[in-house]
Amino acid sequence: MPKHNIFATAFAKVYPMYVQKAERKNRSREEVDQIICWLTGYDQAGLQQQIDQANNFEIFFAQAPGMHPNIALIKGVVCGVRIEDIEDPLMKKIRYLDKLIDELAKGRAMEKILRQQGGS
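Note that the numbering used here has the sequence shown beginning at -10, numbered continuously upward.
Errors might be hidden in some of the hints.
[What the hints assert, rightly or not] List of simulated lysine-lysine pairs, DSS-like, C-alpha gap at most 25 Å:
#1 Lys10 - Lys88
#2 Lys2 - Lys95
#3 Lys64 - Lys95
#4 Lys10 - Lys64
#5 Lys64 - Lys14
#6 Lys10 - Lys81
#7 Lys81 - Lys2
#8 Lys81 - Lys101
#9 Lys81 - Lys64
#10 Lys2 - Lys14
#11 Lys81 - Lys95
#12 Lys88 - Lys64
#13 Lys95 - Lys14
#14 Lys95 - Lys10
#15 Lys2 - Lys88
#16 Lys88 - Lys14
#17 Lys64 - Lys101
#18 Lys101 - Lys14
#19 Lys101 - Lys88
#20 Lys101 - Lys10
[Unchecked claim] Pair ranges (Cβ atoms, derived):
#21 Glu100 - Gly30: 16 to 22 Å
#22 Lys2 - Gln105: 27 to 33 Å
#23 His(-7) - Asn15: 30 to 36 Å
#24 Asp41 - Gly65: 27 to 33 Å
I should point out that these hints are in silico values taken from the structure, not numbers from a laboratory. Beta carbons: idealized from backbone N, C-alpha and C, even for Gly.
Build out the structure end to end from the sequences listed, making use of the hints.
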């Protein structure tokens, strides 16, 4: 089966779109970065290095220090597809990120976006 085009797309090409989507809804680049780092395990320097190197999504996720253990709590529909039904592991990771950015743009509280367990 051929690879999806998004796999070969540079993360650095899509990252500004994530930021623009958030900023249009009065959210910040820092919040976008916080979400990406939470999901992937990158620190700010590691995230910036991925952007500077223009690595594609496949490399971006392959080099991620570690996906957050609470990613299974990310559920819902992105681009008309239910995340829980996505079989390709890389596509699932990309859609997790899309879903979190969507939630940020919709004004959801950061604690809920980051699937923090305590408190409620």
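Now the hints, each set against the structure:
| no. | hint | in the structure |
| --- | --- | --- |
| 1 | Lys10 - Lys88 | holds, 12 Å |
| 2 | Lys2 - Lys95 | holds, 22 Å |
| 3 | Lys64 - Lys95 | holds, 15 Å |
| 4 | Lys10 - Lys64 | holds, 20 Å |
| 5 | Lys64 - Lys14 | holds, 22 Å |
| 6 | Lys10 - Lys81 | holds, 20 Å |
| 7 | Lys81 - Lys2 | holds, 19 Å |
| 8 | Lys81 - Lys101 | holds, 20 Å |
| 9 | Lys81 - Lys64 | holds, 11 Å |
| 10 | Lys2 - Lys14 | holds, 20 Å |
| 11 | Lys81 - Lys95 | holds, 21 Å |
| 12 | Lys88 - Lys64 | holds, 8 Å |
| 13 | Lys95 - Lys14 | holds, 7 Å |
| 14 | Lys95 - Lys10 | holds, 10 Å |
| 15 | Lys2 - Lys88 | holds, 18 Å |
| 16 | Lys88 - Lys14 | holds, 15 Å |
| 17 | Lys64 - Lys101 | holds, 12 Å |
| 18 | Lys101 - Lys14 | holds, 17 Å |
| 19 | Lys101 - Lys88 | holds, 12 Å |
| 20 | Lys101 - Lys10 | holds, 19 Å |
| 21 | Glu100 - Gly30: 16 to 22 Å | holds, 19 Å |
| 22 | Lys2 - Gln105: 27 to 33 Å | holds, 30 Å |
| 23 | His(-7) - Asn15: 30 to 36 Å | holds, 32 Å |
| 24 | Asp41 - Gly65: 27 to 33 Å | holds, 32 Å |
When the structure is compared with the earlier hints, no violation turns up for any of them.
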